[in-house]
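Please construct the entire structure, taking both the sequences and the accompanying hints into account.
Residue numbers (my numbering), protein chains in the order written: chain A, 10 to 312; chain B, 10 to 312; chain C, 10 to 312; chain D, 10 to 312; chain E, 10 to 312; chain F, 10 to 312.
In case anyone wonders, no lab produced these hints; they're calculated from the structure.
Note that the structure is predicted; figures quoted are calculated from it, not measured.
Where hints are given, some of them may not hold.
No copy labels: a pair is met if it fits in one copy or bridges any two.
Stated by the list, open to error - Listed below are the simulated DSSO-like cross-link pairs for lysine-lysine, each with C-alpha atoms no more than 30 Å apart in a straight line:
1) K294 / K248
2) K140 / K271
3) K294 / K249
4) K74 / K140
5) K74 / K134
6) K74 / K294
7) K249 / K74
8) K140 / K42
9) K99 / K134
10) K294 / K266
11) K271 / K294
12) K140 / K99
The chain contents come next:
There are 6 protein chains.
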Amino acid sequence: MYKFKNSDSMRKLLLGVLFFLILAFPVSAQNTKIRVLVFGAHPDDCDISSGGLAALYVAGGHAVKFVSLTNGDKGHQEMGGGELAQRRYKETQEVARRLGVEYEVLDNHDGELLPTLENRLQVIKRIREWKADVVIAPRPNDYHPDHRYTGVLVQDASFLVIVPNILSSVPALENNPVFLYTRDNFQRPNPFRPDISVDISAVFQKKLDALDAHVSQVYEWLPWIDHDTSVPQSPADRKKWLGNRWLTRSQPTPEIKQNLEKWYGKERAAKVTQAEAFEICEYGKRPTEADIRRLFPMLPAKP
Amino acid sequence: MYKFKNSDSMRKLLLGVLFFLILAFPVSAQNTKIRVLVFGAHPDDCDISSGGLAALYVAGGHAVKFVSLTNGDKGHQEMGGGELAQRRYKETQEVARRLGVEYEVLDNHDGELLPTLENRLQVIKRIREWKADVVIAPRPNDYHPDHRYTGVLVQDASFLVIVPNILSSVPALENNPVFLYTRDNFQRPNPFRPDISVDISAVFQKKLDALDAHVSQVYEWLPWIDHDTSVPQSPADRKKWLGNRWLTRSQPTPEIKQNLEKWYGKERAAKVTQAEAFEICEYGKRPTEADIRRLFPMLPAKP
Amino acid sequence: MYKFKNSDSMRKLLLGVLFFLILAFPVSAQNTKIRVLVFGAHPDDCDISSGGLAALYVAGGHAVKFVSLTNGDKGHQEMGGGELAQRRYKETQEVARRLGVEYEVLDNHDGELLPTLENRLQVIKRIREWKADVVIAPRPNDYHPDHRYTGVLVQDASFLVIVPNILSSVPALENNPVFLYTRDNFQRPNPFRPDISVDISAVFQKKLDALDAHVSQVYEWLPWIDHDTSVPQSPADRKKWLGNRWLTRSQPTPEIKQNLEKWYGKERAAKVTQAEAFEICEYGKRPTEADIRRLFPMLPAKP
Amino acid sequence: MYKFKNSDSMRKLLLGVLFFLILAFPVSAQNTKIRVLVFGAHPDDCDISSGGLAALYVAGGHAVKFVSLTNGDKGHQEMGGGELAQRRYKETQEVARRLGVEYEVLDNHDGELLPTLENRLQVIKRIREWKADVVIAPRPNDYHPDHRYTGVLVQDASFLVIVPNILSSVPALENNPVFLYTRDNFQRPNPFRPDISVDISAVFQKKLDALDAHVSQVYEWLPWIDHDTSVPQSPADRKKWLGNRWLTRSQPTPEIKQNLEKWYGKERAAKVTQAEAFEICEYGKRPTEADIRRLFPMLPAKP
Amino acid sequence: MYKFKNSDSMRKLLLGVLFFLILAFPVSAQNTKIRVLVFGAHPDDCDISSGGLAALYVAGGHAVKFVSLTNGDKGHQEMGGGELAQRRYKETQEVARRLGVEYEVLDNHDGELLPTLENRLQVIKRIREWKADVVIAPRPNDYHPDHRYTGVLVQDASFLVIVPNILSSVPALENNPVFLYTRDNFQRPNPFRPDISVDISAVFQKKLDALDAHVSQVYEWLPWIDHDTSVPQSPADRKKWLGNRWLTRSQPTPEIKQNLEKWYGKERAAKVTQAEAFEICEYGKRPTEADIRRLFPMLPAKP
Amino acid sequence: MYKFKNSDSMRKLLLGVLFFLILAFPVSAQNTKIRVLVFGAHPDDCDISSGGLAALYVAGGHAVKFVSLTNGDKGHQEMGGGELAQRRYKETQEVARRLGVEYEVLDNHDGELLPTLENRLQVIKRIREWKADVVIAPRPNDYHPDHRYTGVLVQDASFLVIVPNILSSVPALENNPVFLYTRDNFQRPNPFRPDISVDISAVFQKKLDALDAHVSQVYEWLPWIDHDTSVPQSPADRKKWLGNRWLTRSQPTPEIKQNLEKWYGKERAAKVTQAEAFEICEYGKRPTEADIRRLFPMLPAKP
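Structure representation (structure tokens):
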């Protein structure tokens with residue numbers, strides 16, 4: 010495992026890694042840009058689930074967009090309403106800048122998302138306009154109702170994106186994208202199954218940069234609901250604090266470890282310190298292993 | 010017309026008036042308490058429409074309740090959400106204290122009220138539980154959609170309050186209350202018609218006390234949308250400023266003047282400097298003149 | 010004015026009238042059957058508004074259908090739910106038998122009708138399937154919310170009945186029917202305007218027969234909400250009691266009197282003791298006077 | 010496996026089979042007609058899931074009805090709206106003719122079905138009016154949102170069909186029918202479980218006849234979304250093409266094979282070339298093995 | 010009154026007029042661009058109500074946008090669904106080209122528009138993003154339910170466009186625009202009142218150009234529902250036919266004539282052959298006469 | 010196993026048990042009252058699922074509330090509507106008296122519960138106002154749609170009870186309660202898993218007392234839908250009949266037996282004749298074993 014003495018050396022390492030990545034994927038970057046669309050319920054969910062993956066795609070010259078289906082105007086202990094929504098929106102745009110992705114926030118109320126036809130059409134519209142090859146969303150079972158209904162909405166859109174008579178003002182896709190669920194810890198009715206696990210160790214710092222931009226979330230609201238009063242004051246200290254939290258959270262579980270071996274081979278998998286994992290949804294395109302290696306160019310061509 | 014040199018003498022006068030009022034209505038206070046329920050869309054609408062009337066009822070020993078159908082969590086230039094809703098709620102409780110009324114705030118979003126069955130049942134419930142003799146609400150035509158739909162909701166409830174199979178958990182009223190619309194300036198499809206006009210000159214200061222408690226509304230939000238930057242800093246000054254605004258706004262229009270003459274006689278009507286006026290809604294009980302004089306004991310027995 | 014000594018002589022008179030009517034309209038009966046569809050909110054509204062008109066149409070060989078948009082499962086002081094709805098349904102079928110009309114009851118809850126798309130399609134379906142020439146419904150302003158929304162629903166259907174892409178499973182009408190509002194006493198935003206007034210004196214007893222079949226309404230619920238304890242016990246007595254109530258209620262107002270003169274001429278109008286009146290809705294076909302005389306064959310060809 | 014040289018010999022064979030079937034089930038045909046109701050989301054889903062089963066029931070003299078909850082007005086690459094809905098409706102009526110079933114299409118928009126109360130009542134109504142012994146519908150997990158919500162709607166109706174106060178205008182059933190799910194390939198949250206598998210080899214041609222009537226689906230829309238340009242021009246050729254596709258699709262999986270053995274015995278199960286399979290839903294009647302053999306008279310009395 | 014011998018001379022005249030207009034309003038064009046937003050229910054309603062006014066604004070260098078709240082996917086006798094919606098969308102873009110306006114079409118179903126919160130937010134969004142000074146929409150009483158609910162939606166948005174906590178992702182306007190209703194012939198609950206009437210004689214041909222682009226509407230659907238089979242075949246002939254229809258329809262009524270005199274003076278008003286008229290909605294900014302002359306620079310500075 | 014000769018000796022035993030219980034938990038009773046909230050769909054569901062547990066809590070001095078989300082106005086073979094709802098409400102208040110719990114009934118229609126935002130807020134409100142430590146509800150898979158949607162509603166509320174900006178008028182909880190599912194027999198998508206099983210043998214009679222109060226349910230409706238005509242006439246006999254039914258139903262399954270051993274130890278578990286079991290929902294607080302023993306003081310401190 011890597012050991013970072015200070016953030017400076019970490020940064021250097023990261024630059025090296027990025028340089029390597031850019032060299033590593035020259036063909037895909039020039040030829041076929043993969044287009045990835047991540048849905049979350051709140052203006053930090055996409056970063057949490059897929060921030061590392063996004064950094065890898067962007068480094069490879071691919072196009073990534075994050076969409077938050079609510080404006081996050083409820084999840085805070087002090088502020089609320091438009092004031093909070095606007096603060097959150099600015100945080101997403103800072104993430105967009107740091108990660109090199111697009112970040113859109115729909116103006117639905119936090120805590121009130123429902124799987125309506127109106128919302129379904131909004132999801133279909135985003136998938137079509139982005140010409141997505143890969144669509145990522147939470148499973149329809151998770152602790153927050155907005156997460157669950159985000160999952161339902163993306164499922165409900167999954168087939169209809171190719172039906173021209175639905176939302177006829179936006180050209181239908183020719184092919185269903187691959188739909189992926191993001192990782193969670195819930196066991197019922199069945200546990201998350203890591204089908205595609207991605208080594209994000211090299212871009213873990215990039216993911217932290219993204220999370221760090223969600224000041225109102227990661228340093229205020231989330232600690233508050235956990236009764237955690239350990240958040241340091243200074244930006245540098247609190248980012249370190251955040252890093253420590255996420256170092257652990259991003260460690261591969263045994264199941265993810267096993268899946269990493271499938272994609273990276275035993276040797277490299279053993280070195281993975283941080284990973285993001287995804288389950289293939291049955292409702293979109295069912296990709297072959299070759300499809301997956303093509304759509305996830307950060308995976309080695311052969312394990 | 011009265012001239013107030015300072016708020017102190019005003020207070021004395023008011024005390025005198027109240028004393029007089031308490032003496033004037035001893036019978037009604039002991040015998041049959043009139044029960045009045047005022048609906049507004051936001052946590053200041055009831056005060057604006059019926060604050061003076063409420064003060065007169067309370068002075069006569071009657072029971073008055075204000076209900077705001079939304080929590081006012083949108084109408085502010087800086088705050089929003091739960092933070093604003095809680096501030097507004099505290100303001101209503103201060104009004105309750107100052108006026109001697111009950112003040113309830115339903116937790117519907119400001120700017121999003123719709124005439125749903127759920128909201129209709131909430132209105133029916135309040136009318137029944139209050140055993141209202143008189144129910145007051147805005148007309149279904151007004152500039153703010155929440156005002157309009159408050160009017161629709163109260164209309165939709167008006168007959169059903171006596172149907173036992175509707176909301177069977179709360180005993181139905183035996184008789185339809187009188188339903189009244191509050192004054193507005195809109196002409197289409199037809200103008201507000203003052204059917205019952207009430208001299209509030211003697212309690213005008215009381216109404217001001219109520220409005221003054223809505224700090225977030227009368228000194229912040231309403232001036233802001235009017236681009237009015239003349240609000241003074243100190244509580245005393247700004248209350249004077251508020252008084253000047255409302256002195257004018259509460260002056261009887263020619264139509265109200267005429268209606269005041271019907272109820273008070275020409276002589277007293279001529280002395281009325283401040284009035285509130287109401288239109289009888291066709292959908293509830295259609296009161297005779299005798300009914301009205303009984304239900305509005307602040308009106309003289311004979312004009 | 011006619012004087013009926015007993016119901017027997019009344020019956021004889023009625024038979025005579027019917028015989029006359031059958032002779033009077035032989036052509037229309039054979040040639041072009043007028044098709045009339047009356048919407049009400051509850052299982053007695055159609056009879057109240059248009060029972061006499063229906064009797065005249067049926068006597069002339071035309072086709073009349075009543076549709077109640079709710080099942081009336083709330084408006085009773087003791088019963089409720091399916092038990093009440095089934096009793097009410099049986100009462101409508103007795104009316105159908107007595108009047109010679111079809112009577113359909115939709116299974117929507119009483120007191121909960123809303124102008125949804127689903128309900129709108131149900132209305133469109135009935136109008137098309139009946140191939141209605143004339144459609145009758147309450148105005149969208151009336152004391153009961155179900156009445157108002159019945160009016161809104163029929164308005165919302167009025168144009169769409171001729172659009173083939175709407176409810177494409179039921180062939181669209183080639184022409185918009187004439188839409189009529191039924192009489193009410195409400196003045197705001199404007200009063201009911203009698204455009205077509207029909208002399209129902211000759212079939213008044215027939216209308217009473219219909220109303221008399223609504224036992225749970227006219228002898229139980231409606232008196233109960235009026236605190237009227239004068240309803241006699243025996244079927245014969247209570248029907249007489251009902252007749253007295255409706256004799257008055259069906260008397261033409263001055264406005265209706267005036268309109269009767271337009272259609273019947275002064276002389277006959279003067280003899281009309283019972284009338285039903287209708288206002289032409291602006292949203293369907295706008296009939297000429299000739300259209301009206303054709304569609305209302307009970308009106309004389311010339312006044 | 011059978012080899013058909015031409016459609017003529019196929020027809021003869023089929024006639025023979027039908028003759029055999031009619032002889033085989035004389036008792037059930039005379040005594041107790043089984044009443045079967047199949048729900049699908051679109052005007053070909055019932056045929057796909059249960060076309061063979063339906064043919065066997067009809068051959069045995071039983072009553073089968075197909076209901077499509079949407080009108081299929083979206084799923085086509087060129088047409089749409091009422092034009093498409095009407096074409097699809099005609100195709101269902103041709104299926105009705107070919108299979109000897111009833112086929113009803115509800116006028117809900119394709120791609121927009123939701124589990125509303127209105128739709129639930131529509132489902133309850135069909136089940137009651139058909140006096141269904143067996144009700145068949147998709148599982149609530151499938152790739153198309155309309156399929157999923159069809160499953161939810163039928164589940165939501167399953168108990169309420171016996172509650173007289175629900176939809177009181179249509180008499181409630183005395184007993185819950187058996188509810189069955191149709192076969193799909195989805196594994197999450199759990200895979201389809203074949204509880205009742207039916208040998209449709211003898212009526213496979215009949216099922217093809219039904220599918221062949223859905224020209225706008227099986228020869229136009231479904232190949233188009235699969236980018237399959239191999240559909241032949243002539244009706245005869247394309248039907249052969251369709252037959253080849255479905256020969257494979259209807260082959261029993263190992264799980265179905267195993268279940269066939271339960272019902273038919275090892276020997277006959279080994280000869281089954283085409284099968285349809287169903288999972289028993291836990292929410293309706295839980296049939297014993299004897300119930301199943303009675304309700305599915307095409308299964309042998311003993312395996 | 011002008012007499013046009015052929016379309017050529019008409020074109021020349023128009024060019025002259027436009028040249029004059031461009032000279033006439035150089036200041037406004039350079040200084041303060043008026044921003045106008047017209048809402049319609051279907052993809053021809055804006056043109057019908059305000060096509061001439063739009064042409065005048067554009068000629069003066071101002072910014073005009075048309076928004077159709079539905080995609081028009083129902084109103085046709087043969088086509089429907091996405092096929093029709095796409096055809097209609099192309100027609101609007103041709104109008105945009107011919108008139109020099111922006112034209113947006115929302116993907117709501119024709120014949121199914123309802124005043125939901127989702128639709129209200131869509132309207133608020135358009136008004137804010139366009140920074141509209143003037144917003145134009147139908148009255149909430151008109152023959153088509155989509156027209157009525159377009160009126161309701163714009164009314165419901167009228168105040169909320171200045172509330173920052175509503176749709177906080179799009180900056181609120183600082184001031185309420187002026188809201189105008191478009192002309193209709195309906196009398197109940199009160200007739201359309203022409204408050205601002207605009208002489209469109211000089212740009213009448215431009216309006217015709219716009220209408221002529223709506224081939225599927227003006228030459229197919231609208232004549233079909235009127236059973237009018239007189240539409241000529243050739244594009245030139247049918248445009249003449251269209252011109253004749255609209256020459257009459259655009260003639261000022263006596264009420265509009267009178268209002269034209271107010272704004273143009275008696276002399277010029279007498280020469281107006283074609284006019285569009287608007288009623289000021291009470292719910293937005295209440296403009297003074299000076300405001301109106303500033304916002305409608307095509308009106309002379311003094312009558 | 011205990012043997013009761015007559016109800017008198019049973020009562021004595023029970024008194025003894027209660028006395029023992031009161032002695033056994035003196036600390037918890039004095040110090041920290043556990044607050045338990047049970048949700049059911051109908052006015053007998055809470056008793057069926059948790060009546061024994063409630064009796065044990067109450068005996069230990071803790072606070073228990075039952076909430077029925079519908080008023081039960083449909084589930085009866087003869088009555089319905091408000092008449093039935095009021096009868097059911099009185100039955101719940103009798104249960105409240107017998108068990109020593111609070112019992113609230115929301116006025117939603119039976120058979121029509123949906124997971125709307127309005128209902129979700131009602132659930133959040135109850136959880137917060139009760140300051141619940143433990144919340145109990147059915148799983149979202151069960152045979153009755155109202156049961157399923159009760160499960161969904163409580164899930165949807167589970168996280169939001171701690172978010173202050175949601176329903177800001179009622180103070181948010183500081184910590185998520187433990188959420189538990191009640192026992193059912195459904196296997197799909199996965200079977201109920203007994204995580205916490207409680208020996209209710211000692212209070213089984215108390216549970217019967219509660220069920221016995223639901224006369225309209227346990228002696229009328231439930232036998233009727235089961236075609237069970239064996240209900241005795243006299244109150245004493247029918248209660249015995251009820252006891253026999255529930256003796257069996259409350260017997261621990263093998264899975265529950267095993268779970269009882271975990272909490273009570275093998276020895277005591279072997280003696281348990283009646284039990285209630287609960288599954289821990291993943292969406293609220295995830296309790297440790299120590300948490301569970303603290304929150305369920307009827308469990309022994311050590312097995």
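Check: Any hints this thing doesn't respect? Which numbers, in order?
Finding: none
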